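J.: Residue numbers (our numbering), protein chains in the order written: chain P, 1 to 379; chain E, 1001 to 1135.
It is worth saying that the hints were derived from the structure and are not from the lab.
Be careful, since some hints might not be right.
Said to hold, decoys possible - Pairs of lysine-lysine residues, derived as DSS-like cross-links and limited to a Cα-Cα distance of at most 27 Å, are as follows:
{"#": "1", "chain 1": "E", "residue 1": "1027", "chain 2": "P", "residue 2": "335"}
{"#": "2", "chain 1": "P", "residue 1": "336", "chain 2": "E", "residue 2": "1128"}
{"#": "3", "chain 1": "E", "residue 1": "1074", "chain 2": "P", "residue 2": "330"}
{"#": "4", "chain 1": "E", "residue 1": "1051", "chain 2": "E", "residue 2": "1128"}
{"#": "5", "chain 1": "E", "residue 1": "1128", "chain 2": "E", "residue 2": "1027"}
{"#": "6", "chain 1": "E", "residue 1": "1027", "chain 2": "P", "residue 2": "320"}
{"#": "7", "chain 1": "E", "residue 1": "1051", "chain 2": "E", "residue 2": "1074"}
Stated by the list, open to error - Computed, partial: chain P to chain E, Cβ under 7 Å:
{"#": "8", "residue": "300"}
{"#": "9", "residue": "304"}
{"#": "10", "residue": "349"}
Said to hold, decoys possible - Which residues of chain E face chain P? A partial, calculated answer using Cβ under 8 Å:
{"#": "11", "residue": "1019"}
{"#": "12", "residue": "1028"}
{"#": "13", "residue": "1029"}
{"#": "14", "residue": "1067"}
{"#": "15", "residue": "1068"}
{"#": "16", "residue": "1090"}
{"#": "17", "residue": "1093"}
{"#": "18", "residue": "1111"}
{"#": "19", "residue": "1112"}
None of the values given here were measured: they were computed from a predicted structure.
Cβ atoms here follow ideal geometry from the backbone N, Cα and C, with glycine treated the same way.
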Amino acid sequence: MDGPSKRRQKPFGNTLKLVEDTLYLTQLVMDRAPDSIIWMDDQGAIVYVNDAACTSLGYTRDELLSMTLSDIDPDRERDTFENEMKNLRRLGSKTFDARRRTKDGRLFPVEITTNYFEYKGRFIGISFDRDIAARKRAESERESALEALRESEEKYRFLMEQMSDTVWTLDMNMRPTYVSQASTDTLGFTPEERLQQNLSEMVTPETYKRLMTVLAQELEKEQDPAVKPNRSIVIEMEYYHKKGHTRWLENRVRAIRDTNGTIAGLHGVSRDITDRKEAERDKYHREKLQGILEMAGTVCHEMNQPMQIILGLTELLLKKTAQDNPDYQKLCRVKKQIQRMNEITDKLMSIQHYKTEDYAGFTQIIDINDLHADADGGK
Amino acid sequence: MIREVKDTEQKQILVVDDEEEILCLLKEVFESADYGVWTADNAEDALNILKTNILKVIFLDLNLPGMSGLELCKKIREKDQIAIIHALTGYSNFFGLLECRAAGFDDFFTKPVPIDIILKAAEEAFEKLARWKMD
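Bound-form chain E, shown alone (with noise of 0.2 Å):
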């Protein structure tokens, strides 16, 4: 089931990534463009703030300890296939872009990000979101 957002409701966005000074700079990055920010450094935290909490825009690290970025992603997959999950990589390459599609990313990057894509590839993906709602 889709959650309305209204206009006046702030959009939420959950990252996750075991690096701390990464989800520091990533929730200051979004909250600088009034997103709300959720985050967890690792896939369990991740999997429990989505049980308690609908958001529909995620970015993944790949690496993360335990459970990995790719398996996180088939999980919240199994559950919910609106969502727009972005992957976020310090390595990888072809082969690691079609792991990451077959896991059910619908994107990809890789670090170093400039700060100017990830805020477009969120407000895409609200846009599309919203434009998914009008249907």
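Pulled out of the complex, with its shape left as it was, chain P reads as follows (with noise of 0.2 Å):
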């Protein structure tokens, strides 16, 4: 038996044999490609197939070859084939995307590349096919992919311009790196002006102040491994409007960790809760006022009952003494101090706003003179 190097340096016997097995091997190659291969004349009509053509387009070979083009390709008209004929013999080669139509009626894409010869005056074009459903179904699903990316991208970015709340991230340098849109909404300050800004410029100093201690005691926690790495904080923080006046925001704010874990910044979503506030501190003073109210009602309750006794006797002790009664007039003297009394539990019956005011320098007390004060009252 020959030995393979053997083979390799003379494969065949004589020039004859040489040529009978070239075209052996040529027609095994062609009958055998994975790739289908249709031979057809200037009519259209299918001269040769080989194995994959069968195999993917589901007749035998016999079958084939007593049909046309326009049998296997939907998109092809029989009376539209010479022109294209034409084409092919200007262009030399083509290569473009069409579908074939197998036995039981099933398409299929393909990449067809095609090339003609001229043998003894006759026209043979050869369409190479490749089956490219595979591709086809990764290029969709490809494409389905990336619609769906599109999507949710354009969802998110949708999201992030509709949402009230705004989403920021911070450097360690107290930086923004990131500010949504909704900045605008709430501050005034466009993403790009925010860009140009410091937090300490953004927040009241006392604000800041908070705000450092708090990010201080924070990263003194980082030292502990039960404190949790992905642990958010909730801080109130008091922002300038770019019209000058302030806004409350509730920040919850997270690290940012580069792969060591180390904090690289800050990120979070700030909530405007000035609103919020303002019914807070109001509901804060309606109650203190309730209970002023409550208060003064005790203390003219408590004070008016004894006065009334005072008041009455002594205005029964004056019936019965004469005006020359050096007692008269000291009795005159109870009355009025009783009267001026009467006066300040009288106007501690009408409050309805309150004001305090110094007291001897060490307190606050009750303005009882400025007991209608609504402007500043109670605040």
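Hey, can you piece these two chains together into the complex? The hints should help.
T.: Below, the structure written as structure tokens:
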């Protein structure tokens, strides 16, 4: 038996045998090629098909050799074939996507490379069909995935633009690295303007000081392994609005960590709670006023009872005392003082708003001469 | 039914207050003007007095132990729509006045009230009652 090297040096016997073998091998290569190969004449009649063409189209070789190209190509009409052949002659070769129809009517996509040659004055068109169903499927899946991603991005962007809360990131120098659009509605500054600022410029000094204290405490906690690295803190901060006034924002803040787990920045979501804060403050003052009214009621009740007795008895004594009696004037003075006290309780009973005043430099008392102040009353 | 009060008959007043000193004072004030005075330091005693006596001029403290002056007024009004009932209170405000009017009080005084005003209120009440009887 010949070894492989010997066969490579002299594979064929003589010249005729060599041609026969070459033809046989060429035929074999074409027959067994993985892509479909179809030959046709200038009328579109199929004159050769390989095994792959038979398999992919579901016909026997004999069946295909009795058919024309339009039988297996749903997009090709018999009367246009001649023009296409003319084009092919002009172009020489052409590659395009088309569809093939199988014996059972199924359609599948193919990439076709056509070529032609003329043999003994006869035109032969050659079609190399590559089934691209899998590629098309992959392309379709990729397109679907891209479409889903685009939709997801659009949704995300829409949400980011529509949400009233502001999303932001800060580096460890307290400089913003991202600010969402909602910042403009809440505080008047556009995201671009925000990126030029430092946090210390955005908030009141009291807020900044408090924030630094909280952050220092949180950084200290980093040493404790029991503390969760993805924890968040909620902190209420007073921000400057572009127009100069301030607004209160509640911030939920979390650390951004690098691959080593070291804090590289902060990210958070800010919600405008100014209205809530004002409502809380109003509620506090309403409750305080309610307490003052109740206390005033108690004082009035407790004071007016004995005052009634003193006033009544004084007036009874006055009725029985002659005006020239030295005690008469004294009784008048007692009555005057009771009336003075009554004026105080009258004022207390008419409280609607209140204002405090400094008392002796060490405390605050209610200014009973300004019980109807409403602009700053009780604030 | 309204009991006719003859000119010669002493006019009677009911005073209800939980503070003894106030009761003593008002009793002395009204008696000084020749009124007969009934006193009670709680609502239940006041209702008992009214069961056996026809008293048409009444002064009630609002802040009574147990049944309040407002409730007492409502109870009296259930049986007597003619009596003239005055509220005497240590503390009140506009809403207190509204409550009193809704409960059936005819008038409303915040302590301390000068005795002349109290006497005038009593006098006017008896004048009204006299006028109503004429009609």
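J.: If a hint holds in the structure, say so; if it doesn't, say that too.
T.: Hints, one by one, checked against the model:
no., hint, in the structure
1, 1027/E with 335/P, "holds (20 Å)"
2, 336/P with 1128/E, "violated (33 Å)"
3, 1074/E with 330/P, "violated (43 Å)"
4, 1051/E with 1128/E, "holds (23 Å)"
5, 1128/E with 1027/E, "holds (22 Å)"
6, 1027/E with 320/P, "holds (16 Å)"
7, 1051/E with 1074/E, "holds (15 Å)"
8, 300, "holds (4 Å)"
9, 304, "holds (4 Å)"
10, 349, "holds (6 Å)"
11, 1019, "holds (6 Å)"
12, 1028, "holds (6 Å)"
13, 1029, "holds (6 Å)"
14, 1067, "violated (18 Å)"
15, 1068, "violated (13 Å)"
16, 1090, "holds (4 Å)"
17, 1093, "holds (6 Å)"
18, 1111, "holds (4 Å)"
19, 1112, "holds (4 Å)"
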